[in-house]
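**Student:** Order-wise, the sequence lines are chains A and B. The first sequence runs 1 to 462 under my numbering. The second sequence runs 463 to 924 under my numbering.
Hint data in this document are derived by calculation from the structure and do not stem from the laboratory. Possibly wrong hints are sitting among the right ones.
Derived DMTMM-like pairs (lysine to aspartate or glutamate); straight-line CA-CA distance at most 25 Å [unchecked claim]:
no., chain 1, residue 1, chain 2, residue 2
1, A, 389, A, 247
2, A, 389, A, 351
3, A, 389, A, 420
4, B, 851, A, 206
5, B, 851, B, 742
6, A, 389, A, 213
7, B, 851, A, 351
8, B, 851, B, 882
9, A, 389, B, 709
10, A, 389, B, 813
11, B, 851, B, 828
12, B, 851, B, 820
Small disclaimer: the values here were computed from a predicted structure and weren't measured.
There are 2 protein chains.
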Amino acid sequence: MWEETGMDLIESEVVIVGAGYAGLAAALRLHDAGVDCVVVEAAGRVAGRVLTETRAGGLTLDHGGQWVGPTQTHLLALAARFGCGTFPTWETGRHVEVWHDGTTVPYLGAAPAEGPGIAEYTRVTAVLDDLARTVDTEAPWRTPRCAQFDACTADSFFRSHTTDSDALRRLALGVQGVWCAEPYEISLFHVLFYLAAAGGWEQLMETRGCAQDSRFTEGAAAPARAVADLLGARLRLGEPVVRVAQDAGGVRVRTASTLVEARRAIVALPPHAVRAIRFDPGLPVSRDGWLSHSPMGRVAKAHAVYDTPFWRATGLSGIATLYDDGPVGVVFDNSPAGGAPGVLVAFVYGDRLTRWADLDPGRRRDEVLASLARVAGDAAARPLDYTEKIWSRDTFARGGYEAYMTPGGWTGYGRRGWREPTGHVHWAGTETASAWNGYIDGAISSGYRAADDVIGSLQADG
Amino acid sequence: MWEETGMDLIESEVVIVGAGYAGLAAALRLHDAGVDCVVVEAAGRVAGRVLTETRAGGLTLDHGGQWVGPTQTHLLALAARFGCGTFPTWETGRHVEVWHDGTTVPYLGAAPAEGPGIAEYTRVTAVLDDLARTVDTEAPWRTPRCAQFDACTADSFFRSHTTDSDALRRLALGVQGVWCAEPYEISLFHVLFYLAAAGGWEQLMETRGCAQDSRFTEGAAAPARAVADLLGARLRLGEPVVRVAQDAGGVRVRTASTLVEARRAIVALPPHAVRAIRFDPGLPVSRDGWLSHSPMGRVAKAHAVYDTPFWRATGLSGIATLYDDGPVGVVFDNSPAGGAPGVLVAFVYGDRLTRWADLDPGRRRDEVLASLARVAGDAAARPLDYTEKIWSRDTFARGGYEAYMTPGGWTGYGRRGWREPTGHVHWAGTETASAWNGYIDGAISSGYRAADDVIGSLQADG
Numbered sequence: 001m002w003e004e005t006g007m008d009l010i011e012s013e014v015v016i017v018g019a020g021y022a023g024l025a026a027a028l029r030l031h032d033a034g035v036d037c038v039v040v041e042a043a044g045r046v047a048g049r050v051l052t053e054t055r056a057g058g059l060t061l062d063h064g065g066q067w068v069g070p071t072q073t074h075l076l077a078l079a080a081r082f083g084c085g086t087f088p089t090w091e092t093g094r095h096v097e098v099w100h101d102g103t104t105v106p107y108l109g110a111a112p113a114e115g116p117g118i119a120e121y122t123r124v125t126a127v128l129d130d131l132a133r134t135v136d137t138e139a140p141w142r143t144p145r146c147a148q149f150d151a152c153t154a155d156s157f158f159r160s161h162t163t164d165s166d167a168l169r170r171l172a173l174g175v176q177g178v179w180c181a182e183p184y185e186i187s188l189f190h191v192l193f194y195l196a197a198a199g200g201w202e203q204l205m206e207t208r209g210c211a212q213d214s215r216f217t218e219g220a221a222a223p224a225r226a227v228a229d230l231l232g233a234r235l236r237l238g239e240p241v242v243r244v245a246q247d248a249g250g251v252r253v254r255t256a257s258t259l260v261e262a263r264r265a266i267v268a269l270p271p272h273a274v275r276a277i278r279f280d281p282g283l284p285v286s287r288d289g290w291l292s293h294s295p296m297g298r299v300a301k302a303h304a305v306y307d308t309p310f311w312r313a314t315g316l317s318g319i320a321t322l323y324d325d326g327p328v329g330v331v332f333d334n335s336p337a338g339g340a341p342g343v344l345v346a347f348v349y350g351d352r353l354t355r356w357a358d359l360d361p362g363r364r365r366d367e368v369l370a371s372l373a374r375v376a377g378d379a380a381a382r383p384l385d386y387t388e389k390i391w392s393r394d395t396f397a398r399g400g401y402e403a404y405m406t407p408g409g410w411t412g413y414g415r416r417g418w419r420e421p422t423g424h425v426h427w428a429g430t431e432t433a434s435a436w437n438g439y440i441d442g443a444i445s446s447g448y449r450a451a452d453d454v455i456g457s458l459q460a461d462g
Numbered sequence: 463m464w465e466e467t468g469m470d471l472i473e474s475e476v477v478i479v480g481a482g483y484a485g486l487a488a489a490l491r492l493h494d495a496g497v498d499c500v501v502v503e504a505a506g507r508v509a510g511r512v513l514t515e516t517r518a519g520g521l522t523l524d525h526g527g528q529w530v531g532p533t534q535t536h537l538l539a540l541a542a543r544f545g546c547g548t549f550p551t552w553e554t555g556r557h558v559e560v561w562h563d564g565t566t567v568p569y570l571g572a573a574p575a576e577g578p579g580i581a582e583y584t585r586v587t588a589v590l591d592d593l594a595r596t597v598d599t600e601a602p603w604r605t606p607r608c609a610q611f612d613a614c615t616a617d618s619f620f621r622s623h624t625t626d627s628d629a630l631r632r633l634a635l636g637v638q639g640v641w642c643a644e645p646y647e648i649s650l651f652h653v654l655f656y657l658a659a660a661g662g663w664e665q666l667m668e669t670r671g672c673a674q675d676s677r678f679t680e681g682a683a684a685p686a687r688a689v690a691d692l693l694g695a696r697l698r699l700g701e702p703v704v705r706v707a708q709d710a711g712g713v714r715v716r717t718a719s720t721l722v723e724a725r726r727a728i729v730a731l732p733p734h735a736v737r738a739i740r741f742d743p744g745l746p747v748s749r750d751g752w753l754s755h756s757p758m759g760r761v762a763k764a765h766a767v768y769d770t771p772f773w774r775a776t777g778l779s780g781i782a783t784l785y786d787d788g789p790v791g792v793v794f795d796n797s798p799a800g801g802a803p804g805v806l807v808a809f810v811y812g813d814r815l816t817r818w819a820d821l822d823p824g825r826r827r828d829e830v831l832a833s834l835a836r837v838a839g840d841a842a843a844r845p846l847d848y849t850e851k852i853w854s855r856d857t858f859a860r861g862g863y864e865a866y867m868t869p870g871g872w873t874g875y876g877r878r879g880w881r882e883p884t885g886h887v888h889w890a891g892t893e894t895a896s897a898w899n900g901y902i903d904g905a906i907s908s909g910y911r912a913a914d915d916v917i918g919s920l921q922a923d924g
């Protein structure tokens, strides 16, 4: 391995790269086991693709991951350990659909019972759920028809199962909402794997009892900050890792100013960020290939703040899905647990994100507010505060919520390239999770898994 | 833009990132136009994915790109300008096919006239050629059914056009041989675009009059070295670029030790290497998305050297295609223009590369030599010299021959993300070429195009 002069030299049992939920969970597990570790993080803050901001007036907004559902037990337990409270996502009243032709239609209940394409949409998603039940989430490549499903896109599958253009629009918005991708760029098998890892289509799509069930009183970064406080000086922010070398003796991780020598490393980054590091020796072909078939989703969140959640007075929940030509795909009532202020959050995904992100900021805001007015009333066009986070432009995340697999990624590279350790380097990150892959919960369980593997291998070393 | 201290500061009209054929061609065009430029290259040598080595005894071997065909006029003209000679690829005698069941069958002519799957293979490739004629190679997204063809893999297309397993094997080897990828991971539209850019399936596959027509007497890097000599001190090797910033005034390109300030930049790197650079401001979503849907092919070349090309004495050409369970897909007679020594080159691609690259070096060599013995006789198992280059493990190239597009890449990102300049940063590299995309010739024309655009924009600035 290389030698360096003029750098801070740190020695530790384990070095963790990345202080998102995966890296922090790994550090916490090592801490609990009494194993010494150091965490190096490129950004000046923790929590990665979770980003809680306090706006003027003390309002807490989540620009990134924000929800927790009842089966996301790793996240719930972590929050409970550090006393981070949750509250049910606001959803009382009528939801709204804005159809392709601009028609605005309210409905009650988790999903509309009727409307253009609903029957076909429901039929096709039931087929997806049936196929997802065949997936082996611990060893996805062992799934009976993995290669067949992985050789086609979700789009090919949808079009071979329905010719109903409204149903195709609903299916596309589903893909946009969950993967921040378009059906034409994502592997059908990856969709099935992800459904299996979450517990089915309804778990991914719905609110009460599902992935969007609850929010965090102090924001979704609160548990991450609590872990960071516990780690103290073992956590080093603002240190992008440029090089990771290993030999029989251990691992060396280099940032611009620091060299960490350790017996094991846990790399807990999104796939593209792993590829930006120089590894010595180079990564195995299957690991590198896995990473290069994992683009990040395209997403932004825009928040608009009002005196009160005025839409509730007219019987509206603030939840909406939009199929029109505006930028917004989905709207939620993101107001705090208390009664005020009122907050709407607009999600911009996929192709709509690409077009919208190129506009100047004023035009972006105007378009989002026009969409909000369509679903919550004209008053939504005049917020007290407006803020947006384009994750595709984030220096470190470069997209969100997570990376998805393009066709062939699982087939060609999954068995050795997904999360099998590379010598003394172990892999974490929500993209390596078998349960709630792509979610905060998956990030946490992936960190625990990697830490447990490292503890086991250190014990085997003696 | 950021400020730096303690770095070499260089000022130039144009800075070029990458000294492969694309970057060198751009520099040459600027040189000829009297425009000042500096070229920074990460590796300690020029020519990128072309790598000529002189072995013991003075034998010249090409580990990377090696051929030139009669319609590759940019490469032919560049070679002529610097007096780099070519000679016809050795192909006299019977070629060999090793079938799936291990049967070894010789044939005469460019392609076997009969054999398992030949008729169906020929029929499907004719359909591909027909569809390729509809492609607009200058603006591929304007192709009539671009979105439809881009939403599926080549595998989906092949399986919907034939159920003949031998034809499917032939089609797969074609994809492996041209894109170093498997049919299940490549966009059908990308295959069609690439066919159109080269002039059809036969141009890609065959030798005489086609892409594999001739080789370079002094190796395929000879023209690149000639350009490097001409550039002299304007070429800076061993300087990986880590950051590119721009504002209205121009561009700053930073390596570990050097800062280059210029009015324009031309970035001439493979897609993954562009993504490893930090851009300020960040790349547009469409450019970043384009790059993240462009994995590199998986390929290695292995050379075996013998006293003489002994296979010619038994009427064999040394050219072979293999469908068996060995690592090798294609073999060529890579002997020099003179009569000796004899050289066979074995190509290992795709899934076969992934498996083979994980073996220890002795086992890799044994497997390749066993394949060579199958197609050229037992004496092929006892070479005087053996050497291999696993491009997927190359620090800078990380694959070869080029990047291909996964499904949806052209649809979602092509129009703005393929090669449209990003402010003062222009894009070159064979992946941005409209003719012979993926080849040395495409790299050269892409460099000329980018340089011409830069010259035009500098003139417009005044």
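**Student:** Each hint needs a verdict: does it hold in this structure or not?
**Tutor:** Evaluation of the provided hints:
1. Restraint check for residue 389(A) and residue 247(A): not satisfied, since their Cα atoms lie roughly 41 Å apart, outside the 25 Å limit.
2. At most 25 Å may separate the alpha-carbon atoms for a hinted pair to count; residue 389(A) and residue 351(A) meet this at roughly 17 Å.
3. For the hint linking residue 389(A) to residue 420(A), the alpha-carbon distance of about 33 Å lies beyond 25 Å, and the restraint is violated.
4. About 51 Å separates the Cα atoms of residue 851(B) and residue 206(A), which puts this hinted pair outside 25 Å; it is violated.
5. Between residue 851(B) and residue 742(B), the direct Cα distance comes to roughly 35 Å. Violation of the 25 Å bound is thereby established for this hinted pair.
6. This hinted pair checks out: residue 389(A) and residue 213(A) have alpha carbons roughly 22 Å apart, not beyond 25 Å.
7. Under the criterion of a C-alpha separation no larger than 25 Å, the hint pairing residue 851(B) with residue 351(A) is inconsistent with the structure, at around 40 Å.
8. For the proposed pair residue 851(B) and residue 882(B), the alpha carbon gap of about 33 Å is over 25 Å, so the pair is violated.
9. A C-alpha spacing of about 22 Å is found between residue 389(A) and residue 709(B), which places the hinted pair at or below 25 Å, so the restraint holds.
10. Note on residue 389(A) and residue 813(B): the hinted pairing is violated, with a Cα-Cα distance of about 40 Å set against a maximum of 25 Å.
11. For a cut-off of 25 Å, the pair hint linking residue 851(B) to residue 828(B) stands: about 15 Å separates their Cα positions.
12. Pair hint residue 851(B) plus residue 820(B) holds up; C-alpha atoms about 14 Å apart against a cutoff of 25 Å.
In this structure, the earlier hints numbered 1, 3, 4, 5, 7, 8, 10 are contradicted, and the remaining ones agree with it.
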